[in-house]
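Residue numbers (the working numbering), protein chains in the order written: chain A, 1 to 139; chain B, 1 to 404.
Please note that a few of the clues may not be correct.
Said to hold, decoys possible - With a straight-line Cα cutoff of 27 Å, these simulated DSS-like cross-link-like pairs (lysine-lysine) come out: (1) B:312 x B:327; (2) A:61 x A:126; (3) B:386 x B:401; (4) A:102 x A:126; (5) B:404 x A:32; (6) B:162 x B:212; (7) B:190 x B:237; (8) B:401 x A:32; (9) A:136 x A:6; (10) A:40 x A:61; (11) A:49 x B:404; (12) B:397 x A:32; (13) A:138 x A:92; (14) B:136 x B:190; (15) B:135 x B:237; (16) A:92 x A:6; (17) A:23 x B:397; (18) A:105 x B:313; (19) A:65 x A:42; (20) B:237 x B:17; (21) A:126 x A:105; (22) B:17 x A:23; (23) A:23 x B:401; (24) B:404 x A:23; (25) B:77 x B:237; (26) A:49 x A:65; (27) A:136 x A:126; (28) B:140 x B:109; (29) A:42 x B:404; (30) A:136 x A:42.
Note that these hints are calculated values from the structure, not bench results.
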Amino acid sequence: MSIAEKENTIIEDFSIYQDWMEKYEYIIELGKDLPLIDEKYKVEENVIKGCQSTVWLYAEKANGKIHFTADADAIITKGLIALLVSVLSDEKADDILNAELKFIKEIGLQEHLSPTRSNGLVAMVKQMKLYALALKMKT
Amino acid sequence: MFDPHIIRNQFPILKTKLGNYPLIYFDNGATSQKPQCVVDAIEEYYTKENANIHRGVHYLSQLATEKYETSREIIRKFLGAKHIHEIIFTSGTTCGINLVASSFGKTLKAGDEILITQMEHHSNIVPWQMLAEEKKLILKYIPINAEGELILTNINQVINSKTKLVALTHVSNALGTVNPVDQIIELAHKNGAKVLIDAAQSLQHFQVDVQKMDCDFLVFSGHKIFGPTGVGILYGKEQLLNAMPPYQGGGDMIKTVTLEKTVYNSLPHKFEAGTPNIEGGICLGKAIEWYSSLDLKSIAEYEHELLIYATKKINEIEGVKIYGTAKNKSSILSFLIAGTHPYDVGTLLNQQGIAVRTGHHCTQPIMDFFGIPGTIRASFCFYNTKEEIDFFIDALKRSVKMLK
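Just chain B, same shape as in the assembly (with noise of 0.2 Å):
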């Protein structure tokens, strides 16, 4: 059985009390909290580390050198990679993104069909809007129904052999449904298109084997999976990374620069031009260490069990509308409550200690699709607990009734 009173005295910044209140930190969709040693690590770095990488032969270089390789091996692991070298350091998913869309895309041509879902993060809509319209590709989207599920009837029409991508998230991040990937994948493989997959909202929920899962390409950031803000992870198959030109030129993805012509580096560097985010990049490794060492399967029993526990007491609450209820969902609660803004009861749930996030969550077309503006969105981490719930709900009862 987890226990999250153990865990969360590793999180130092769970201790903060907003006047009166204990924070209650329900944003966790947005960016995760760090643990003690994630934040060591980054002191560390900074006292006894830092140097630039890659270049240098002198001690600190080495040594910073080496941990910054090690971090992409205990990225590797964590994904179940084959090769150390399809792991690309970014400085997040929507660099990762941008970086397949620029890149993979140059070897697209027009009349080619990229395909999106209708709930995809902003970033994952507006780099490949860019490519279609600089390349002349058609843009497709898997539609969703009133529960936030992607409707797959007509997907053997839509995948066809004119479409060279799927890019779908694994799971939404206003909705929290947990997308059928496997599934999608498979039938993008036997139309010979390649998959990437955004997974933002999910390896900080459960254990992905890229492997298995057989995508093609894979992007994450480190700050929602308990590492640094600015250093994501793009994962890529070796013979498409092999295949595809460089995204940005600079000093480290070259083998020979000449006045003439320049000769790229090999992979990973290739797609990492310049000084990169080398404490993030250290950092990072250290939380996915620390992420991996976990009971990750009763983790994963616990959040849902949180999910479960706070959508049957705000269901309490009267002219409370859930948005989002697939029947596989991560610990993602996003809802409405009649008669009130959602950036009103966002106010005054602040003022009572507790983070949630308001407004579009960057998923414009999925408020489109439901006729709304925005929601509420209380997203749970394995830190918090059934009492922070029971206050939430108090809170919120409280707020709507200032509200009404």
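Okay, chain A solo, but in the shape it has when bound (with noise of 0.2 Å):
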């Protein structure tokens, strides 16, 4: 599936859901099959700064491909990690370069956007994108 593809897939789940309660609890439930970070990689360096709670990000390229793998210690943080890395993990550079994610308006979490917001969805796409710039170029 393509990134485009799989935030069509995401934008489709969300639909069904009419209250805040069951977004969130989906959103909740997507951050316990979030990839999990290696415990070695859970250091300073690989932490996305904010005041709010920490999210550790760490990114490896296998064939080609980003791999990404995280953890978050607040739980509705780890489901918009996890949410993101669903759709931008085992993808090429380029793609997640490009990758515009339209899916975060259409899905009503604009609440996460602002980009002072710590640990808001900006800074965590930002995160993505920079590692897919860094490993763009490594073999």
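Two independent chains are provided; combine them into the complex using the hints.
As structure tokens, then:
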């Protein structure tokens, strides 16, 4: 599935939820499927900077694709990073860099979009794209 | 008996709906909401009074100047200060502390001691650390106990002849503790030290008389006491302020300027360089006039009642731990729920229309003391109600259920 196709699936998944509770319950569930970061990578340099909750993110390249693993100490944050990982992981660096990620707005998570919001989706997306850029040239 | 429902009508923002939920504003420690009369005063200023002050011969300038200086008098009266020129307009509490650190700080010398407490807001820690580093001063602090109260058993040794300034908060923004400032001021004065009181969290909850209290400096922010943002007050005793060098140089703070030498203006203008926040100053006066007209004693009683009610209710939730259980406490409820992250709880409360603050509240030393990264803080104002607390408790239970 391409990034766009994965995004569409998420939009469809979210469309069945009527209220905030169902939506957040789903986000919390998603966190449980997050490919967890190896404990040895849970170090300061892999933390996405913020003051509200801690998110660790690690990326490696295999077979020309970028593979992400992550963790977070808050479970909603964990669900949000899981959502992004499910869309962007195991894709080519260029595809990650070009991804527009329109689904974030579509599924009504705008409140997490504010660029000033610590550990908001913007900071997570930025970090994932930085990893993609850094690993792009690496063979 | 104080009735919050009548006063609520004066706060238009409290009618806000967030989706299907009415706004429940429990983030009063961060900033207060503004009554209609303050909102009106802001509009009135820009539609009828706007001009630069202390300069013009024209009608508007004189009107704005008169309003600004009237506001200073309202604030003098509110604080019980002896002289109107002891009231310095600043941009807020942080600015007031930095002014004292920079200006009063110039009179200090290497080896002098400054005393703060373990429960200070970062804005009452960092300026002193910067000053201590620059002037080779010694910065000490009064520790806190598990209840979040100051430990004063060694205070007689800690405050000594080397102590030049004690800077402490009246009420802790993270724990709600009301500190025994009178006792500390008396002891400091006996040792020849001056005392700065951070009143950012106290004046909106109870009456303070600076002469009775006998503090040397007192600072607060307008926006936490029903006024606009970007304006605050530094109160200082006349003699001290006169002896201190100016803080910033510029217009309004001078008497005469030649290219060789400047003669500074007298108080309060000496400390008010540049065009001030005129609208803020005038509307802060309006806010304090409005607030002073209320029955402050019954308000304090009512807020205490809210705190007791919320504390009792929240303790019924399994795994709740309250941080800050001082005997003398203002209406701030800081807590954590075992097995949940404050960020998650805050996010889910927000979904239910409830505004609380989560995080370290700019008091990392307190969080370090308790060994926690942060708390969830509900801070109440007299426009809050017991019904809101009931709803908050239900929302909290719902959130915890989702998170566990």
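Structure-based check of all given hints:
no., hint, verdict
1, B:312 x B:327, "holds (15 Å)"
2, A:61 x A:126, "holds (18 Å)"
3, B:386 x B:401, "holds (23 Å)"
4, A:102 x A:126, "holds (15 Å)"
5, B:404 x A:32, "holds (13 Å)"
6, B:162 x B:212, "holds (25 Å)"
7, B:190 x B:237, "holds (17 Å)"
8, B:401 x A:32, "holds (17 Å)"
9, A:136 x A:6, "holds (22 Å)"
10, A:40 x A:61, "holds (17 Å)"
11, A:49 x B:404, "holds (26 Å)"
12, B:397 x A:32, "holds (22 Å)"
13, A:138 x A:92, "holds (12 Å)"
14, B:136 x B:190, "holds (24 Å)"
15, B:135 x B:237, "holds (24 Å)"
16, A:92 x A:6, "holds (14 Å)"
17, A:23 x B:397, "holds (18 Å)"
18, A:105 x B:313, "violated (37 Å)"
19, A:65 x A:42, "holds (22 Å)"
20, B:237 x B:17, "violated (46 Å)"
21, A:126 x A:105, "holds (16 Å)"
22, B:17 x A:23, "holds (20 Å)"
23, A:23 x B:401, "holds (15 Å)"
24, B:404 x A:23, "holds (16 Å)"
25, B:77 x B:237, "holds (15 Å)"
26, A:49 x A:65, "holds (25 Å)"
27, A:136 x A:126, "holds (15 Å)"
28, B:140 x B:109, "holds (16 Å)"
29, A:42 x B:404, "holds (24 Å)"
30, A:136 x A:42, "holds (23 Å)"
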